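*Asks:* Please construct the entire structure, taking both the sequences and the accompanying hints into account.
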Amino acid sequence: MSSTDESPEAMAESSMEKAGGLGEIIPEPLMPVWRRIELIQSFRETHGERYVAVLELLTAAALIVGYVWWMYLYLLGGS
31 MSSTDESPEA
41 MAESSMEKAG
51 GLGEIIPEPL
61 MPVWRRIELI
71 QSFRETHGER
81 YVAVLELLTA
91 AALIVGYVWW
101 MYLYLLGGS
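First residue of the sequence shown: 31, per our numbering; consecutive thereafter.
Be a bit skeptical, because a hint or two may be false.
[What the hints assert, rightly or not] Pair ranges (Cβ atoms, derived):
no.: 1; residue 1: E54; residue 2: A92; range: 34 to 42 Å
no.: 2; residue 1: A91; residue 2: V63; range: 30 to 38 Å
no.: 3; residue 1: M41; residue 2: V95; range: 52 to 60 Å
no.: 4; residue 1: A90; residue 2: P38; range: 36 to 44 Å
no.: 5; residue 1: E43; residue 2: V63; range: 27 to 35 Å
no.: 6; residue 1: E36; residue 2: E79; range: 33 to 41 Å
no.: 7; residue 1: T89; residue 2: P62; range: 24 to 32 Å
no.: 8; residue 1: A40; residue 2: A91; range: 44 to 52 Å
no.: 9; residue 1: A40; residue 2: S72; range: 24 to 32 Å
no.: 10; residue 1: A91; residue 2: S37; range: 47 to 55 Å
no.: 11; residue 1: P62; residue 2: A92; range: 31 to 39 Å
no.: 12; residue 1: I56; residue 2: E79; range: 27 to 35 Å
Please keep in mind that the hints were generated in silico from the structure rather than gathered at the bench. For clarity, every value in this text was computed on a predicted model and none was experimentally measured. Quick reminder that beta carbons are idealized off the backbone N, C-alpha and C, glycines included.
*Replies:* Here it is in structure tokens:
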């Protein structure tokens with residue numbers, strides 16, 4: 031095989047890499063919004079695990095604070 035001959039799998043993979051996803055069908059007036067969405071997606075791909083862990087910690091902290099505040103109001107707020 032020469033260097034220009036590719037297997038069907040390699041051709042499919044290279045065409046998938048070249049495909050731009052929804053960016054190819056988004057109308058021109060919506061492109062600034064689409065660029066923002068692409069930035070968010072690339073951030074999630076880069077920092078996905080850490081991003082989710084931080085959000086879980088923030089959610090847990092907010093729930094704990096809310097529960098403690100509710101208990102304070104329930105137990106001591108009426109007196």
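*Asks:* Now look at each hint and say whether the structure bears it out.
*Replies:* So, going through the hints one by one against the coordinates:
1. One distance hint, 34 to 42 Å for the beta-carbon pair E54 and A92, holds here, with the actual separation near 40 Å.
2. A beta carbon spacing of about 32 Å between A91 and V63 agrees with the range 30 to 38 Å that was offered as a hint.
3. A hinted range of 52 to 60 Å for the beta carbons of M41 and V95 is consistent with their spacing of about 55 Å.
4. At roughly 48 Å, the beta-carbon separation of A90 and P38 lies outside the given 36 to 44 Å, and the hint is violated.
5. Range check, E43 to V63: about 30 Å between beta-carbon atoms, so the 27 to 35 Å window is met.
6. For E36 paired with E79, a C-beta distance near 34 Å keeps the hint of 33 to 41 Å intact.
7. Against the hinted window of 24 to 32 Å, the Cβ-Cβ separation of T89 and P62 comes to about 31 Å, which satisfies the hint.
8. Checked against the hint of 44 to 52 Å, the C-beta distance between A40 and A91 comes to roughly 48 Å, which is consistent with it.
9. The hinted window of 24 to 32 Å between A40 and S72 holds, with their beta carbons roughly 25 Å apart.
10. Checked against the hint of 47 to 55 Å, the C-beta distance between A91 and S37 comes to roughly 52 Å, which is consistent with it.
11. Taking the beta carbon of each, P62 and A92 are about 32 Å apart, inside 31 to 39 Å as hinted.
12. A hinted range of 27 to 35 Å for the beta carbons of I56 and E79 is consistent with their spacing of about 29 Å.
Consistency with the previously given hints fails for number 4 only.
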